[in-house]
Amino acid sequence: MKRQLPIAITFILGFVLTLQYFIPHRSFEIVYEVTNIWLQIIGFFAMILGILSLVMLHWDKIQYKKTNWGYSIVTLVSLVGITLVGVIGTEESPAFNWLYNYILAPISATMFALLAFFIASAAYRAFRARTIIATILLLAAIIVMMGRVPIGSIISFGIFPKLSDILLNYPNVAAKRAILMGVGLGAAATGLKVMLGIERSYMGSD
Amino acid sequence: MSSCIHRFFNRSAILFLVALYLIPLAHVKCFAQENNSSPSSGIITVPSISNLIDTPNDHGNSITITWKVGSYDPSFVPMGYVILRSDKADRAYDSIGFQLIGETSFVDTGNLLNGKDYYYKLRVEGTDVLSTLGGPVQASGQWFHSGKMATFVVTVLFCVTVIIVLIFARRGREFYIRPIAGINAIDDAIGRATEMGKPILYVPGLGSASEVATIAAFTIMGRVAKRTAEYRTRVIVPCYYPESMIVAQEVVKSAYLDAGRPDLYNEKEIFFLTQEQFPFTAAVNGIMLRDKPATNFFMGKFYAESLMLAETGFEAGAIQIAGTDEPIQIPFFVAACDYVLIGEELYAASAYLSRDPMQLGTLKAQDWGKAALVILLIVGIISASVFGIDFFIRILDVNVM
Numbered sequence: 001m002k003r004q005l006p007i008a009i010t011f012i013l014g015f016v017l018t019l020q021y022f023i024p025h026r027s028f029e030i031v032y033e034v035t036n037i038w039l040q041i042i043g044f045f046a047m048i049l050g051i052l053s054l055v056m057l058h059w060d061k062i063q064y065k066k067t068n069w070g071y072s073i074v075t076l077v078s079l080v081g082i083t084l085v086g087v088i089g090t091e092e093s094p095a096f097n098w099l100y101n102y103i104l105a106p107i108s109a110t111m112f113a114l115l116a117f118f119i120a121s122a123a124y125r126a127f128r129a130r131t132i133i134a135t136i137l138l139l140a141a142i143i144v145m146m147g148r149v150p151i152g153s154i155i156s157f158g159i160f161p162k163l164s165d166i167l168l169n170y171p172n173v174a175a176k177r178a179i180l181m182g183v184g185l186g187a188a189a190t191g192l193k194v195m196l197g198i199e200r201s202y203m204g205s206d
Numbered sequence: 001m002s003s004c005i006h007r008f009f010n011r012s013a014i015l016f017l018v019a020l021y022l023i024p025l026a027h028v029k030c031f032a033q034e035n036n037s038s039p040s041s042g043i044i045t046v047p048s049i050s051n052l053i054d055t056p057n058d059h060g061n062s063i064t065i066t067w068k069v070g071s072y073d074p075s076f077v078p079m080g081y082v083i084l085r086s087d088k089a090d091r092a093y094d095s096i097g098f099q100l101i102g103e104t105s106f107v108d109t110g111n112l113l114n115g116k117d118y119y120y121k122l123r124v125e126g127t128d129v130l131s132t133l134g135g136p137v138q139a140s141g142q143w144f145h146s147g148k149m150a151t152f153v154v155t156v157l158f159c160v161t162v163i164i165v166l167i168f169a170r171r172g173r174e175f176y177i178r179p180i181a182g183i184n185a186i187d188d189a190i191g192r193a194t195e196m197g198k199p200i201l202y203v204p205g206l207g208s209a210s211e212v213a214t215i216a217a218f219t220i221m222g223r224v225a226k227r228t229a230e231y232r233t234r235v236i237v238p239c240y241y242p243e244s245m246i247v248a249q250e251v252v253k254s255a256y257l258d259a260g261r262p263d264l265y266n267e268k269e270i271f272f273l274t275q276e277q278f279p280f281t282a283a284v285n286g287i288m289l290r291d292k293p294a295t296n297f298f299m300g301k302f303y304a305e306s307l308m309l310a311e312t313g314f315e316a317g318a319i320q321i322a323g324t325d326e327p328i329q330i331p332f333f334v335a336a337c338d339y340v341l342i343g344e345e346l347y348a349a350s351a352y353l354s355r356d357p358m359q360l361g362t363l364k365a366q367d368w369g370k371a372a373l374v375i376l377l378i379v380g381i382i383s384a385s386v387f388g389i390d391f392f393i394r395i396l397d398v399n400v401m
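Line order of the protein sequences matches chains A and B. Going by this note's numbering, the residue at position 105 of the first sequence is 105; the numbering climbs one at a time, nothing skipped. Going by this note's numbering, the residue at position 170 of the second sequence is 170; the numbering climbs one at a time, nothing skipped.
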C-alpha cells in the first residue's frame, strides 16, 4: 500500500494534468487551478519544515561551537530579524523594504557581479589550445568576442561580426535545438516512467 | 367659408411643418436599423459584421466578432467603432467595448454566459450609424485545443512507442545503450571522496521538486547515496526548495536503508538553505570552501549560478560531475567540471545506473523518437526548400494561444 497508493495518485494526477494541457474546457481549468492551490498548501507546510531544518542545523553548530559557528549566529539573527520586521510591519512597511532594497538586493547584485570574474577564470582554462577541439573552441571564442566589439569590426573590415553571426546563428542554434529535442523527449519519457511507476526512486526506493 | 379655408390652410401648414420635421428623423432611424439606406454625414458604406463566432480553443465565456470596415469621405474619418451587445435582438444594446477604426475584430470576454444567445452591432463612433445585426451566437468551452493537435499526435505516438518498447523489454529483449562517461565516473568520484575521507556535495539544482530535471536529480541522488552509505562517506545536500529537501531526505534515507546502513543516515546533512538564487549560491560556495568536499555533483536545473558553483568547486579541488537540461548553462559546466551530463543524459542516468530493462526500454523509445524527428526534419526541409511543399510545416504547426 505504501508503494501502490503514491503510484496511483501519481498516475491519476499525471494523466489528468496531461489531458488538461490539451483541453481548454473550464472543468479542466478548475482541476489545474485546484492542483496549483494544493501545491501552494504543500509548499507552505514544506516551508515550515525547511525553516525548522535551517534553525536546527545552525543551532546545532552554535551549541557545539563547531567550525565557523559565528556565521550561524548571523544566519539565525537575520532569519529572526527579517521575519519579525515582515510580520510586525507587513511586507509593505518601510523597514522591510529598506532591509530588502539596501541589504538583500545589493548582496545579491554583488554576488551576480562576481560572475564576470568566474567567467574570465573558466574561460582561461577552457580556451587553452591543448587539443584540436580546444583549439577550435578557442578560435570560435576569439571570432565571437571580436565580432561583438567595435574594434573587431574595424580591424577585420567587418568580417568578424559576420563570422560571429554565422557561428551563433547556425552551428550554435543547431546544437541547442538538438539538445532541446533530446531534452523534450527525455522529459516526456521520464514523465511517462514516473506515471507508470517504472521510475520510483523519487519516492525513496529503487 | 373663409374661416374654413383659413383653418384648412392652418392645419395643412402645421402638418407640412410636422412632416418636414419627421422626414429627416425617419430617415435616420431607417438608416440606423436597416443599414442599406443612403449614406449620411460622410459615411459611404456602413460597417458590417462578417463573422461572429464562439472564440475557439478556450474555456468559453468569450465571443469573437469580426467585421468589414465601412468607407468614409476623406472629410469624415471616425475614431473607431463602439461594440454593442444584447441578449435579445430587439432590446436595448449595451456598449461593451471600443476598437479603433483600423481594427476589424474584437474579443468579447465580459460577463458572458456559456450557452446563452447574444446579439452584436457596431456603432460608428460619433454617429448613430449602426452596422448589420450579428447573432445570435453562443459562447461555449471547447473539449480539445485544435492548435495543439500536432503536439497531441506526437505525444500519443511517443507514448505508444514507449509502451511497445516496454512490452519488448518485459519479454526479455536486451537493449544496447551507449556508454555515458559522466555516469561511469560517478562510482570513481564517490571512491575518491571515500579515499580522501572527505564528504560529497550533491546539489539538486534550483528547480522545484515537480520539475522533471529535479526528479532526474533525485534518481541519481538515490544511487549516489546508496554508494556513500556502503562506503561510509558523508553526503551533504543543500536544497533550494523546502519541498526538494523533504524529497531528498526521503530518497537518501531509503538509500541508506537499502544499503543496510540506516544508522549512518544524518537528516541534518540534507537541509534547506534559501529560495533566493544568489544567497543560495553564496551559501553553497561557502560549504565548498569550508568543508572542502572531494566530489561535487550538480544535477538538475541551474541558471546563472552554474559557473559560480562549478568554478568555486574547481578552486576547492573537487572532482565535479554536473548534469542539466538547460542548454545555456551546459557550456559553463563543460568549462569548469570534469564530467557533464548533457541534456537528456541527465534523464538517462537512472536507467543507465539501474540497468533495469524496463527503464532501458524507455531510453530506446527516446532514440526512436529522435530518429523519427530527424527524418521528419530532413524530409520537411527538402520538401519545403527544394519542392516548395509546406505540408510538413503545416502539420507540425502548433498554436498554443
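Hint data in this document are derived by calculation from the structure and do not stem from the laboratory. A portion of the hints provided could be inaccurate.
Computed cross-link-like contacts, BS3-like style, restricted to lysine-lysine with a CA-CA straight-line distance of at most 27 Å [claimed, not checked]:
| hint | chain 1 | residue 1 | chain 2 | residue 2 |
| --- | --- | --- | --- | --- |
| 1 | A | LYS66 | B | LYS68 |
| 2 | A | LYS61 | B | LYS253 |
| 3 | A | LYS66 | B | LYS116 |
| 4 | B | LYS292 | A | LYS61 |
| 5 | A | LYS176 | B | LYS198 |
| 6 | A | LYS65 | B | LYS292 |
| 7 | A | LYS176 | B | LYS370 |
| 8 | A | LYS2 | B | LYS68 |
| 9 | B | LYS198 | A | LYS65 |
| 10 | A | LYS65 | B | LYS370 |
| 11 | B | LYS148 | B | LYS198 |
Hints, verified against the model:
no. : hint                : result
1   : A:LYS66 x B:LYS68   : violated, 78 Å
2   : A:LYS61 x B:LYS253  : holds, 22 Å
3   : A:LYS66 x B:LYS116  : violated, 71 Å
4   : B:LYS292 x A:LYS61  : holds, 17 Å
5   : A:LYS176 x B:LYS198 : violated, 37 Å
6   : A:LYS65 x B:LYS292  : holds, 19 Å
7   : A:LYS176 x B:LYS370 : holds, 15 Å
8   : A:LYS2 x B:LYS68    : violated, 63 Å
9   : B:LYS198 x A:LYS65  : holds, 21 Å
10  : A:LYS65 x B:LYS370  : violated, 55 Å
11  : B:LYS148 x B:LYS198 : violated, 51 Å
In this structure, the earlier hints numbered 1, 3, 5, 8, 10 and 11 are contradicted, and the remaining ones agree with it.
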